[in-house]
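In order, the protein sequence lines correspond to chains A and B.
Using the numbering used here, you'd call the opening residue of the first sequence number 1 and step up by one each time.
Using the numbering used here, you'd call the opening residue of the second sequence number 1 and step up by one each time.
Everything labelled a hint here was simulated from the structure, so no lab data went into it.
One should not assume that every hint holds.
[Claimed, not checked] With the C-beta cut set under 10 Å, the calculated list includes, among others, these residues of chain A facing chain B: (1) Ile26; (2) Ala39; (3) Arg95; (4) Ile156; (5) Arg159.
[To be verified] Under the rule of at most 25 Å between Cα atoms (straight-line distance), these lysine-lysine pairs were calculated in the PhoX-like manner: (6) B/Lys3 to A/Lys101; (7) A/Lys3 to B/Lys232; (8) B/Lys74 to B/Lys46; (9) B/Lys325 to A/Lys216; (10) A/Lys220 to B/Lys325; (11) B/Lys36 to A/Lys3; (12) A/Lys146 to B/Lys3; (13) B/Lys33 to A/Lys7; (14) B/Lys43 to B/Lys121; (15) A/Lys178 to B/Lys33; (16) B/Lys282 to A/Lys7; (17) B/Lys165 to B/Lys373; (18) B/Lys325 to A/Lys86; (19) A/Lys11 to B/Lys39; (20) A/Lys3 to B/Lys46; (21) B/Lys165 to A/Lys3; (22) A/Lys11 to B/Lys282; (23) A/Lys161 to B/Lys74; (24) B/Lys232 to A/Lys7; (25) B/Lys325 to A/Lys146; (26) B/Lys36 to A/Lys162; (27) B/Lys236 to A/Lys204; (28) A/Lys3 to B/Lys42; (29) B/Lys236 to A/Lys7; (30) A/Lys99 to B/Lys32; (31) B/Lys32 to A/Lys7; (32) A/Lys3 to B/Lys74; (33) B/Lys371 to A/Lys3; (34) B/Lys218 to A/Lys3; (35) A/Lys11 to B/Lys32.
Here a beta-carbon is modelled for each residue, glycine too, at the ideal position from N, C-alpha and C.
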Amino acid sequence: MGKIDIKIYIKAAFFTLIVFSVGIGIGIYLDSLRISFFASKFEEFQIDFSNLILEEMFFKSILAEENRLCSIYNEKTTKLAEKAGKLGSYLESLREATKLKSYEFEILKQKYFLSNLQLWLHMIGLREKCNYNVTTILFFYTSLSKCDDCIAQGIILSRLKKRNPDYYMIFAVDVDSKLGIVSTLKQYFNITQVPAVVINENIKLEGFHSEERLRKYIEKG
Amino acid sequence: MLKWADYITFATSLVSFFVFFTYFLFYLENRKKVFKDPKPMKKLPKVSILVPAYNEEKNIASTLKSLLRLNYPKKKLEIIAINDGSTDNTLQIMKKFRKYGVKVIDKPNGGKASALNVGLKKANGEIIVCMDADSIVSRNALRNAIGYFKDPSVGAVASSLKVYKPKTFWQKLQLIEYFYNIFLRKVLALMDSVFVVPGPFGLYRREALEKVGGWDEKSITEDMELTFRLQKAGYKIETCLKSIVYTKTPETLKRLIKQRVRWYRGFIITSRDYREMFFNPKFGNLGVYTLPLYVIFVGLLFVNIFSFIYTLYIVFSDLFFIYYKTGIELPEINLKSLDSPLLYTTVSNVFWVANVVLYTYIFYLSLLMGKKKKVFSSMLLYIIQIFVYPFVLAYSWLLSIGKEIMRSRVKWER
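This is chain B alone, in the form it adopts within the complex:
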């Protein structure tokens, strides 16, 4: 007989199959375009890179060094490091880079968005790049991405984020997640649906930035808020696969959850502020598909985690009860004889296997897009990720929603 857990599986599978096919079809119909970035303009535009930093003495030097190594005419490149009231040696380190042409601004602490806005006022480039101070950019990132701005409707270009030297278990899992996101963001760009241009190496058309009013200093996810605003103003957001930036990620589970809670609260606040975009055909795929889907995704995540935990609870409480009553050692309780595993494979099992197969294929495409070499070990990590990550995400979402309801103050975590 079908039980409620089976119906949850059916509903989840219907949604996830549909998502798989939309993403896959968008990819398939544009596969020639995906790996080809538009060539840079003959007359390269002037670019200003803003590097806001708060207590980044450990990272700022390598970030600035990577920017100085960028393959872009020095005359057309302006690097502005903004010290946002750091209490460590960040400013001193920044100053050492003055001799290489890096402009340094020192301001009292006011948050990342305020630092970026100060930088924007001083910058003279046509293209403004936001660069997180804990990230390292690849040499050709700027040159590969700049061509997208030939299209006057393009307001911003997101880069491909990769995890910088992953060491801990959690960083390795994030490595997998970031690969997945490279695919996802590219497909979202094909759908004109990107809703966050991440902080590390996000490129913006100055005119667009100024038109929408720069970064929102009250937002905890200023990158997402700005992207929503640009989308609302009708700008196109592109993604460049070959613009690669390596970013430092949380080392521990605790810090990872803190980071996610900030992101998700940012999403909740931003969605509330831009709720008219949801289900609004005026905003195309973003309005009718991507944004509502994200909410559905979170809902299904909760329902499935709940169903999983409940089932686990029932199984273990039953086993415990039976053990308590009969005194039979647990391994002796052979509830299902193992004649043939097929005999005990249910229709729900089939659907879960189908989901794993389809999304493993998406992951494979992600590895292709991210030009990942060690495919096999990544696949192993991916399998581990499937079992671990949903819990981390669901827990973070739960905390985010809880905190948002309690209206607790938001702390900025990397």
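Pulled out of the complex, with its shape left as it was, chain A reads as follows:
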């Protein structure tokens, strides 16, 4: 009868569990790091956004100077949209790395989408009111399933933005988001597949589109 060193196996199992738990603990810590990083960036954005809205209210209600509002807002809103864009680019890569606290990240993501769409509406309002020369683009993509076309379209759009940052205002929308506003938008613009791009709320393009074709449509619109 051979010897089975059961004591050593129990000890080894115990240490294994400890090291494994420490690993999971570090994983959770790293996830929190990602979440707090994104949350703090998002908070900065929210503060700026609230500030913008407050200023707008101030000019509207107390000074009743709509003209001045337009001259100030152009720059401020553009900057804010840029910030939102940067946040968006962090969003997916950080979400991908967040393995153990993905629920918390999803909540943050929803909050971000809400603010982002608010900004989009705000932008539309300003464009009408102040006659801004900007193009708003809604970009529908999916994060739930593999969508290489979405990634490619995203890259094309950010390249477009890079060429003329003050002219293109791009707002990304994850179609798999459970937010009511997302399904409303999907319905309104009749989005049936991703990627999809809506230019200035009137031109809908589904599937992948090259930079050249996008530009053509934008010029037409």
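Starting from the structure of chain A, add chain B where the hints point.
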């Protein structure tokens, strides 16, 4: 979100952490014993060294010379060189050593095991040593190992194998692997779990050898088959760290894979023949831990290699696709901004780092056991080995399993 690749990492890590701790604890609890070999008996036993050789004209002389230099009373040492039907000058070279007392047997070709069995019949030692003709033994190897036979339950003693003058890249990687194996075999000995006493300088108690019926002439890994048989018969297998033997290893990748395919097919065949030992508490740690673990190890190796290759394929096909669609030059695609590497370190990354750290420590212990001097350069090689070797092993295992299923004939490769 957790993906299947993460679950593979978790499962692999659970197994590998457990293995690390069992090995480490066995080492820790026996650390005083590890480096101390039992002293030789006052009355040294008679030892017969069998050197089977097939077409070894380049190596046989240095092998025999190293045996003649052994620090052991000449009266108690018998060296028997067996020419297994070589077609080169091996026999002529062997004959030159007759004047130094080397006995030479010439027989028609029949394989290593048959040569050893012929030698065993002619040998008159109490201890029989199998010595591969492509290896060189250190001067005190025999004297250091012989004391283990004072324990009557010991059936065999394995030596510490080192790579003889590594020149090529692949030999250098094997050098690292052999160091690792020195540790592994010692720990396995502490667990009474050694399942192969390698061909170069393996010592056997004659009585045990005869009781189990000598070497199996049909086996392609006769050393492993014999060890399984000795274990099954209840003999203890020991390892001697200070019994050092240098062996020639395959120079090229192709030959390395051929050698491994023979080893692994040998393991598959031997495990099939001795399948009742797996999960059998009658065989102690060997039955419930070491043998099943080896199978799990091979399974995890495959799963991880598959996962790695699949991930790589996905990443590159995505990059290619995006490049094709957008025309952006690849370096421009900055999918992840590098604010802080920590931001993109996942829980799986943490586990891989933990694995590397733990097993680097084992490697460090291996270097200690193997009395390796150039620790730093070995560490560098070790890092390279981590990235290269799993693929070589997995590929060899794949070939072995495939060939075993196809039942193709086995060729004996060094």
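Verification of the hints:
no.	hint	in the structure
1	Ile26	holds (5 Å)
2	Ala39	violated (13 Å)
3	Arg95	holds (8 Å)
4	Ile156	holds (6 Å)
5	Arg159	holds (7 Å)
6	B/Lys3 to A/Lys101	holds (13 Å)
7	A/Lys3 to B/Lys232	holds (13 Å)
8	B/Lys74 to B/Lys46	holds (10 Å)
9	B/Lys325 to A/Lys216	holds (18 Å)
10	A/Lys220 to B/Lys325	holds (23 Å)
11	B/Lys36 to A/Lys3	holds (22 Å)
12	A/Lys146 to B/Lys3	holds (13 Å)
13	B/Lys33 to A/Lys7	holds (19 Å)
14	B/Lys43 to B/Lys121	holds (24 Å)
15	A/Lys178 to B/Lys33	violated (64 Å)
16	B/Lys282 to A/Lys7	holds (17 Å)
17	B/Lys165 to B/Lys373	holds (15 Å)
18	B/Lys325 to A/Lys86	holds (23 Å)
19	A/Lys11 to B/Lys39	violated (32 Å)
20	A/Lys3 to B/Lys46	violated (31 Å)
21	B/Lys165 to A/Lys3	violated (39 Å)
22	A/Lys11 to B/Lys282	holds (22 Å)
23	A/Lys161 to B/Lys74	violated (88 Å)
24	B/Lys232 to A/Lys7	holds (24 Å)
25	B/Lys325 to A/Lys146	holds (16 Å)
26	B/Lys36 to A/Lys162	violated (70 Å)
27	B/Lys236 to A/Lys204	violated (78 Å)
28	A/Lys3 to B/Lys42	violated (30 Å)
29	B/Lys236 to A/Lys7	holds (21 Å)
30	A/Lys99 to B/Lys32	violated (44 Å)
31	B/Lys32 to A/Lys7	holds (19 Å)
32	A/Lys3 to B/Lys74	violated (39 Å)
33	B/Lys371 to A/Lys3	violated (30 Å)
34	B/Lys218 to A/Lys3	violated (31 Å)
35	A/Lys11 to B/Lys32	holds (20 Å)
Taken one by one, the earlier hints fail for this structure at numbers 2, 15, 19, 20, 21, 23, 26, 27, 28, 30, 32, 33 and 34, listed in ascending order.
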